[in-house]
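4 protein chains.
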Amino acid sequence: MFPPIETSSEKPEKTAPPGDPRDQRVGIAIVGVGRISVNEVLPAFAHSKHCKPVVLVSGDRAKALKIAKQYDIPESAVLDYRDYDKLAQMPAVEGVYIALPNSMHAEYTIRAARAGKHVLCEKPMANTVAECEQMIDACRQAGRKLMIAYRRQYSPLDRALLKMIREGRFGPLREFISVNSQNMGDPQHWRLKRALAGGGALPDVGLYCINEARFLSGEEPVDVIGNTWSTPGDARFEEVEEHCQFILRFPSGFTASCSTGYSSHKSQMFRLNADTAWAEMSPAYAYEGNKLRISRQVEGKEHTAELQIEEGNQFARELDHFAQCVRKNQEPHTPGEEGLQDQRVIEAIYASARSGKSVKLSPPSGKTRGPEPESESTGNLAGP
Amino acid sequence: MFPPIETSSEKPEKTAPPGDPRDQRVGIAIVGVGRISVNEVLPAFAHSKHCKPVVLVSGDRAKALKIAKQYDIPESAVLDYRDYDKLAQMPAVEGVYIALPNSMHAEYTIRAARAGKHVLCEKPMANTVAECEQMIDACRQAGRKLMIAYRRQYSPLDRALLKMIREGRFGPLREFISVNSQNMGDPQHWRLKRALAGGGALPDVGLYCINEARFLSGEEPVDVIGNTWSTPGDARFEEVEEHCQFILRFPSGFTASCSTGYSSHKSQMFRLNADTAWAEMSPAYAYEGNKLRISRQVEGKEHTAELQIEEGNQFARELDHFAQCVRKNQEPHTPGEEGLQDQRVIEAIYASARSGKSVKLSPPSGKTRGPEPESESTGNLAGP
Amino acid sequence: MFPPIETSSEKPEKTAPPGDPRDQRVGIAIVGVGRISVNEVLPAFAHSKHCKPVVLVSGDRAKALKIAKQYDIPESAVLDYRDYDKLAQMPAVEGVYIALPNSMHAEYTIRAARAGKHVLCEKPMANTVAECEQMIDACRQAGRKLMIAYRRQYSPLDRALLKMIREGRFGPLREFISVNSQNMGDPQHWRLKRALAGGGALPDVGLYCINEARFLSGEEPVDVIGNTWSTPGDARFEEVEEHCQFILRFPSGFTASCSTGYSSHKSQMFRLNADTAWAEMSPAYAYEGNKLRISRQVEGKEHTAELQIEEGNQFARELDHFAQCVRKNQEPHTPGEEGLQDQRVIEAIYASARSGKSVKLSPPSGKTRGPEPESESTGNLAGP
Amino acid sequence: MFPPIETSSEKPEKTAPPGDPRDQRVGIAIVGVGRISVNEVLPAFAHSKHCKPVVLVSGDRAKALKIAKQYDIPESAVLDYRDYDKLAQMPAVEGVYIALPNSMHAEYTIRAARAGKHVLCEKPMANTVAECEQMIDACRQAGRKLMIAYRRQYSPLDRALLKMIREGRFGPLREFISVNSQNMGDPQHWRLKRALAGGGALPDVGLYCINEARFLSGEEPVDVIGNTWSTPGDARFEEVEEHCQFILRFPSGFTASCSTGYSSHKSQMFRLNADTAWAEMSPAYAYEGNKLRISRQVEGKEHTAELQIEEGNQFARELDHFAQCVRKNQEPHTPGEEGLQDQRVIEAIYASARSGKSVKLSPPSGKTRGPEPESESTGNLAGP
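Chains as they are written, first to last, in full-length UniProt numbering: chain R, 1 to 384; chain H, 1 to 384; chain Z, 1 to 384; chain D, 1 to 384.
In isolation and in its complexed conformation, chain R is listed as follows (with noise of 0.2 Å):
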């Protein structure tokens, strides 16, 4: 739209295209009306090309009233959870995006489907295997789409240190390392209750660190270690762990030791160790403020160097994936496949940690991932 105003060893100017009029947009039901909703998923909208809300599906109305107001979405949009089946007779809404508490995760999304929805759903993508396995087969049955909402996997930094591991540049894969750690409060929370989570720290912040090893190496874990903790009279940790380490060998040899904890001051990192070079994300897994520094010799001097890659806004990505993916029939690149094997991942944690032994784990029976996104979707750097 303008031609450039630098020279040509400055940075290329980043004049958004244009996102698509309203009336083409995806149209996307937003399921649960949490913090992440509010915060970050909603406010996303603006950021996107080819979505945007319209109907918001709540067990709290007036709130739910509230925040509608602000997006522009007509009282009659806004649902009670015992209305959900209506979704199929609203044809604005092609798509929904699940932001509910993980046990819910399957149900809504079988219920979506077979009203004829598109889901786009938030990680974990539910509390077991099988679960996992019902979400695929409802989606597959009803010839809808299903992404999970892995944000990492669609990041330009991330996808920056991906391409650079693909094109041979620090040699072969060797060592992962990670922690991704926060620090809970209200032990009434749900995310603190075994029937609704599923788990404690491991499937909501350590699961970031499976699909980060798992992403940059290409690889599937054949191996798995896992130990738990939780501190005795902590009334946080009565039913879901508190922390929990786990070591994952993938068959190259590659290796991702982590650790994920409920009980500490935010931390949230990794670091990559190849052949030639290491690479760290930190912070990591963030929402904005991750940053990628890479490691290795340059004329007989060890560069540390930091990438100044702007991420733009996680949520507005993963949603035009999603949207591209409804337009365009295509399987979205995390699909349930990619969801389905971290759950494996972290039931063979849970199991090695209570046997005190380590575990098997056997491939996956296909690919986890669809097509890589476009490049185009990772673009909408700055804004609409």
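Among the clues, some could well be false.
Which copy is meant is left open, so a pair is good if it fits within one copy or across any two.
Dumping the calculated SDA-like pairs for lysine to any residue here, alpha-carbon to alpha-carbon at most 20 Å [to be verified]:
hint, residue 1, residue 2
1, Lys63, Pro21
2, Lys11, Val222
3, Lys69, Arg169
4, Lys63, Ala77
5, Lys360, Asp234
6, Lys163, Phe215
7, Lys86, His50
8, Lys301, Arg169
9, Lys328, Glu310
10, Lys291, Leu157
11, Lys69, Ala46
12, Lys328, Pro101
13, Lys163, Pro232
14, Lys360, Val129
15, Lys301, Ile5
16, Lys69, Thr15
Hints listed in this document are in silico derivations from the structure and should not be mistaken for laboratory results.
Starting from the structure of chain R, add chains H, Z and D where the hints point.
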């Protein structure tokens, strides 16, 4: 809205209070649809609580119509410059945002005021002190607000630093050094034409250094030394200076030494030396990614701390402050007088560079800043 | 010696107190003239206050003579290993510094003790728990000091962190993650031969992670999980492990997750997660350039502070602590018992890796550390 | 000496070549036993390959005797200033290192030359241009070397940056900004007495900024602007300036903007802006811990790389360069002419500050630098 999920030692949650319903927002006409409007200001409305874009004024109707569509602005609200005075008949427009070449700021501000509109004008305010004074007069006579878009004065990073300075945490300020440079390309760009831009690097990017030194110290310069340079034969700098260095001396002895250029790789930082600490912003003045570090002795060891303070969208903050001034009928924090004073400094720098002598500067005739922005207006971190 | 030149808000001056006159220093025989002796320990004597090198023991007389000349060591004080027991007749030698391949540590320590010499032995202490116990016994029976060269326990960086932990500044410790890896070349190097090295990455560089976790927490592991890997066909790893991951669980629930490798680009760091803060050393474990950062909430903002603490020469600190223990007849801070305990952990890790099961570890039979090093010994920042 | 232990992608090992046997080293008389001698220079001899300290000259015999003992300097080699000319009768002394108050540099340099000694003189070279010229003349007439102790010109960090500049990696240089400030305490210190110090912050710490800009650009300033300030009533600054800002313009248009102060918390950095990159040293000018970062576009992304380059002991490098010039009878890289030129710049800055006008500076009458230091002399990273 949500009870805290994490312990009290963790970062407080930032669930943004809801923005105003659209029908209560201040309607803004965007005057000039160039880079800053398209890439920064129009997207920023998604983060604004109190504003909405309602009119586009552009000389390129085709481009403007395309953009209008993105923002649900009807075709009838896309004006040509010839129709500018019709704004007087458009009650939906309460304020204008002036994003034109510098030489047009005065005319379009004055005409807006006469049309009964409040004005938010980009920096630099104008090309001459005389123009600045006319703009102030016109708005005063029309009883309209005039605010200059000094976004750094609204950023939580700069305000946190200012707060620490005012609390005496660092002792008296001594030295400020700063650079703000970038590398221009096309010699035909209006920023390289004296008649349009008023100067080269100094009024465009060097202005940030002047304003930051004044803002952080709360003082006004009394003595100005300047130096300018243009490489002979470089087509970009036939009309305006390539780079400029200047020293500003303030009454307390605090001194700012700055360098600003149009032929260097993008480089933006300042360091502020005080009696017992230094503070550094690097990058500084950027649309995003600015980082603040403070270094001082703590328990006998030098601690260099980076403060993680989310800036959010700087343009949305400005817009919201402007809207609040309109709604509450109060003086903007950065009114025309603030822009006028910077223009006086710029003229003194140029005068010194021409004469090779230091130039005395009398104090401004009155206060240059209105009341502090409400902290509420600096809380829009997470979106609408 | 000098009155302060700067104000009290500045870094205190570090004019080192003078070292002992040479004739009062503890004379050291350097046993083994390989990399660590030539590149690190011999130059470190220039920074030592209490030691001097008086004898070299080497199998390569030509090389040793050349080096002796640099350090004013007479030809008569260059011994072959066959002459090792002649140390008993050399009263100028009060202590020996053992810098031999790991498998020789036990023999040369025991023979030194029998010759009446105090022993400062490089890490790892030995290749087996049995050897460690024999070394301790031999020194005890001979009434000689035995110190293991755990240089990190004497570094002002690590000790500053330990002090903050003990003062409760971060609340309870939760998780420690660490990596210490490097990329080996020549497959014939003794470090890649099991008989000489006792193992691969684990006893050489992984040992730092074990020791740091024990040192910082003040706890001893009760549960150990290990994993090892060697890439088939890589000539470097036919005898020893290529990389190793392990999880150590301590009684309080504190857990260390570590990865150590011999086929990765040099990568050294740890992060310690506690209740209200995290601390990170990156690089860690290095001879110089280690950096400590601590992150926590201060007045509602996350502050990530880098602490500038000069480490000075780590080898000089060790030597001086050793000399003081000799002169004052006190137990070293890191005696043989400290090395023995690490060896017990190493054997447990290997046992777990072989069996695929977690391994319980009983507590050490007594204290593993002597009195804290005097702060005087951590003040030798500026040289002799 | 040792075959490489790590793969070729790792940092090359730095086993230092052995230093000269003591009887072949250049014997140095240390003239002045103040801070820099005791804390920096005397300890640095341990890292020198070619020098040894053989005489101390001091007005405080008790202190000097204590220090002499540390360095095996016999009592007979501890001289009073009254005995200075006896150096002529001491053939073991080949060179002197002048570490006296600035006002004494000229006299003691000239007397040393007349006594037949080579001279390594601390910066600033002297208090006036006239003194500098007398020093150069005296050494020339005596056929002795005169070297000024500009340690940064021998540092591998600065030389690596210079090499990249010369190779054109960043394109033409445009702007240099720098600060070098510290916070003085005792008003009675000689550095705050005009007769002894010649000035305040400028000749002491500001000098580094001048020299660095000249060194990196390879140009000489043609136009100088200066500003000085002393806070009325501050007892420290009754005789000398508190802080000083200056702008140096070089023939190509390259410009240095610097600020130096004696009342700010220690703050040391420079940034160099060039056409396609910027380089920053922060901290800069320090005895240790200087860090070099370079930022530029690589494959469309901004990479900000920190280069890990070990500086080793800066004082040992200087001493060894000096010794090599003596042994090989060659001009030092930073001879008297280099110090003279900086003094000319200092006088121009002061003249400009007094007059409020820019001051023209003619080029130096000839080359100010001798041959580049041998790279061998920059390899003494690990000790003797």
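Status of Asp234 relative to Lys360 across identical chains (alpha carbons, at most 20 Å) | neither (32 Å within a copy, 24 Å between copies)
First find the shortest C-alpha distance between Lys63 and Ala77 inside one copy, then the shortest across copies, and answer within, between, both or neither for a cut-off of 20 Å.
-> For Lys63 and Ala77, the Cα distance is within 20 Å only inside one copy (14 Å; across copies 34 Å).
Go through the copies and call it for Lys291 and Leu157: within, between, both or neither, with a Cα cutoff of 20 Å.
-> both (8 Å within a copy, 19 Å between copies)
Same-copy or cross-copy closeness of Lys63 to Pro21 [CA-CA at most 20 Å] | This pair counts as between: shortest inter-copy Cα distance 15 Å, intra-copy 29 Å.
Can you tell me if Lys69 and Arg169 fall within 20 Å by alpha carbon in one copy, between copies, both or neither?
-> Close neither inside one copy (50 Å) nor across copies (44 Å); limit 20 Å.
Is it within, between, both or neither when you check Lys328 against Pro101 at 20 Å Cα-Cα?
-> neither (30 Å within a copy, 42 Å between copies)
Give the relationship of Lys301 and Arg169 under a CA distance limit of 20 Å: within one copy only, between copies only, both, or neither.
-> both (17 Å within a copy, 16 Å between copies)
Homomeric proximity label, Lys360 with Val129: Cα distance no greater than 20 Å | For Lys360 and Val129, only the intra-copy Cα distance (16 Å) is at most 20 Å; the inter-copy one is 32 Å.
Within, between, both or neither: Lys69, Ala46 at alpha-carbon 20 Å | both (15 Å within a copy, 14 Å between copies)
From the Cα coordinates, with 20 Å as the cut-off, is the pair Lys69 and Thr15 best called within, between, both, or neither?
-> For Lys69 and Thr15, only the inter-copy Cα distance (16 Å) is at most 20 Å; the intra-copy one is 30 Å.
Checking Lys301 and Ile5: alpha-carbon separation at most 20 Å within a copy, between copies, both or neither?
-> between (35 Å within a copy, 17 Å between copies)
20 Å Cα cut-off: does Lys86 pair with His50 within a copy, between copies, both or neither?
-> Answer is neither: 24 Å inside a copy and 34 Å across each miss the 20 Å cutoff.
The structure does not agree with the numbered hints 2, 3, 5, 7, 9, 12 and 13 stated previously, though it agrees with the rest.
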